[in-house]
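Engineer: The residues making up each chain are set out below.
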Amino acid sequence: MISLKSVRHRYNSVNTVELPDIDLQSGTDLLVLGLSGSGKSTLLHILAGLLKPTEGSYTLQGTNLYALNESERDQYRGKNIGVIFQQMHLISTLTVFDNLKLAQYLAGLKPNSERIEQLCTDLDIADKLKSFPDELSQGQKQRVSIARAVVNKPVLLLADEPTSSLDDLRSNDVVLLLKDQAEKNDATLIISTHDHRVKSHFNNVVDIDKIQKEVV
Amino acid sequence: MNLMKLSLSYLRRRLLNTLLNVLLLSLGIATVVLLLLFTYQLEDNLYKNAEGIDVVVGAKGSPIQLILSSIYHIDSPTGNINLGEAKQLMRHPMVAESVPLALGDNYQGYRIVGTTTQYLEKYAAELYEGVLWDHEFEIVLGADVADNENLKIGDTIYSSHGFTASGHTHDDHALIVTGILQATGTVIDGLILSGVETMWGIHEHHEHDDEHDHEHGHHHDQDDDHHHNNGHNHDDEHHNHGHADDHKHGDNHHHVHVRDITDTSFLSDRYNDEQITSMLIRYSNPLAAAQFPRFVNENTSMQAAAPAFEITRLLNLLGVGIDTIRLFAFVLIFASVLGIFIALLNSMKERKYDLAIMRTLGGSRFSLFSLVIIEGLLISLAGGILGILLGHAAIEVAGRFFSEAQQFEVTGFVFITEEWAVLVLALIVGIIASIIPAFMAYKTDIAQTLAKT
Chain L
1 MISLKSVRHR
11 YNSVNTVELP
21 DIDLQSGTDL
31 LVLGLSGSGK
41 STLLHILAGL
51 LKPTEGSYTL
61 QGTNLYALNE
71 SERDQYRGKN
81 IGVIFQQMHL
91 ISTLTVFDNL
101 KLAQYLAGLK
111 PNSERIEQLC
121 TDLDIADKLK
131 SFPDELSQGQ
141 KQRVSIARAV
151 VNKPVLLLAD
161 EPTSSLDDLR
171 SNDVVLLLKD
181 QAEKNDATLI
191 ISTHDHRVKS
201 HFNNVVDIDK
211 IQKEVV
Chain A
1001 MNLMKLSLSY
1011 LRRRLLNTLL
1021 NVLLLSLGIA
1031 TVVLLLLFTY
1041 QLEDNLYKNA
1051 EGIDVVVGAK
1061 GSPIQLILSS
1071 IYHIDSPTGN
1081 INLGEAKQLM
1091 RHPMVAESVP
1101 LALGDNYQGY
1111 RIVGTTTQYL
1121 EKYAAELYEG
1131 VLWDHEFEIV
1141 LGADVADNEN
1151 LKIGDTIYSS
1161 HGFTASGHTH
1171 DDHALIVTGI
1181 LQATGTVIDG
1191 LILSGVETMW
1201 GIHEHHEHDD
1211 EHDHEHGHHH
1221 DQDDDHHHNN
1231 GHNHDDEHHN
1241 HGHADDHKHG
1251 DNHHHVHVRD
1261 ITDTSFLSDR
1271 YNDEQITSML
1281 IRYSNPLAAA
1291 QFPRFVNENT
1301 SMQAAAPAFE
1311 ITRLLNLLGV
1321 GIDTIRLFAF
1331 VLIFASVLGI
1341 FIALLNSMKE
1351 RKYDLAIMRT
1361 LGGSRFSLFS
1371 LVIIEGLLIS
1381 LAGGILGILL
1391 GHAAIEVAGR
1401 FFSEAQQFEV
1411 TGFVFITEEW
1421 AVLVLALIVG
1431 IIASIIPAFM
1441 AYKTDIAQTL
1451 AKT
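Chains as they are written, first to last, in our numbering: chain L, 1 to 216; chain A, 1001 to 1453.
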């Protein structure tokens, strides 16, 4: 379902990131472990269709993402890929409800309030629909950003360092929440982190530090 | 949820800044609209009121002043002309029609005009109620005069000398209202009309004694109860100044016998030494425009001024002032372009993550570009609409408080097609101000922005 082959991304003449080959079947989760600067973010951005690699191929469900033109790729991403960032990056001028509606709108999908309400009930933030992001706790914000990532029922759910700023208990909760949401939405979950606490939840682990080498 | 709603949410977030920019732009737009409305209504007024008047003949002096006083009833007349001499011009073959005007008095600032019924025909003024004058001291009111002063048929008023309400009052000659005109939208609405002889009648006893004006005033005030004596006093003074028909007028003081007035009665030879202020003349053929004014200016003690020419000259003079204000308006508009530009530019910095997230969620570069342009357009549309409303309000207020505009009504309730152009101008301002920030949004590098967290 996901196939990443001999991908390298060259930022500039001295900084090239080489990424591991990844071949994932649908419904199989993956943990990408690595230290800061190891290329985790590069990998995640490439998987999300946000960064076109200088070399190599990437297909998602048979679609060669980087063969699409930019706005086709934007649309494809909006419909099929959900991304959760370490910082939530909720739109601060919109309510929780409108943040989720915006995700539907930008993906080119029909507005579906029921989906939003059902999702927020599931994530235990239904009473916060009318609140603005500033009025939420960190944990609530993170749930909203998870809701936003899965609202369009993506096939691929990407999370970048979702647990790094959390204590052990909360870290555990968040991973379980992500796995739960991925399962409920039939999405393949890929988490990239330097947080080894997460490791126990995953069968598939790629340790990017071991593969990555600096190319001059 | 759509881009418009998102744009609005951002504008709401920095409400104060948004309102300031809207206000700044609206001031510039209001100034432009004000000028447009003012010049439009001014030109409309100037040309409408001068319709059917080819030339004005009056005392020598400033031709613009003659036009202003005789057609628009602003400014003082250049002086008087001798009726005998004027009559010779009336009979000139190039003159198809001449309407006499005798000015010099007012009631509460409304000018009283001694003229003939041809003057009413010129402005297509019809009676709303009552009848036209056919005796001395009978007057017909313009619609505004009747409205504003609450005058009815049969009411009597006393005129004041000069053109301001504070002038000396001729309280020995009551003027009686016999008719009220329908509103015409021309200067006639603000005038009080009577026969030419009425104006002579009012001034009979003191026409030539300006130097005694004060003394005269006292007489009136002190001797209000002694009209008879008073009348005699005046008669005496008149004698000193050698008026031919003084005796008759002296008798008329008691309002026992008043003269009958027709449109031609003032032409009687016994009035040859009387004076009128000016004549509004229509030519019998277009060629006269070239010859008649020169003939008058060179061969008589009077002057002829053509409204069409003087209006153009007046507008050119005003044009300098209008251009200056217009320049000021464009400075304001330019300032608002900068204001909107800076506001959007700053908000792009605050919003770079929002923009990256929008792309991540499926928004295209063009969506982000549109988002910012929409914000610029919303501000400028609001500024444009507010500006147009402000412009109309300003001219309405100016029209009500600008006292000289009494004969020159300007109103905020006229809309002209050029205002669409002003609205387009406002929208162009919005696009110019937002195009660079919009392009920055378009260029946002998502991966790079998100990697910086």
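Just so you know, the hints here were simulated from the structure itself, not pulled from any lab data. Because the structure is a prediction, the values reported are computed rather than measured. Glycine is no exception: its CB is placed at the ideal position from the N, C-alpha and C atoms. Please note: incorrect hints may appear among the correct ones.
Here are the simulated distance ranges between beta carbons [unchecked claim]:
#, chain 1, residue 1, chain 2, residue 2, range
1, L, D124, A, E1350, 26 to 34 angstroms
2, A, F1334, L, M1, 51 to 59 angstroms
3, L, R8, A, I1385, 52 to 60 angstroms
Engineer: Each hint should be assessed against the structure and marked as holding or not.
Structural biologist: Hint by hint, here is what the structure shows:
1. L:D124 <-> A:E1350: 26 to 34 angstroms: holds (30 angstroms)
2. A:F1334 <-> L:M1: 51 to 59 angstroms: holds (57 angstroms)
3. L:R8 <-> A:I1385: 52 to 60 angstroms: holds (55 angstroms)
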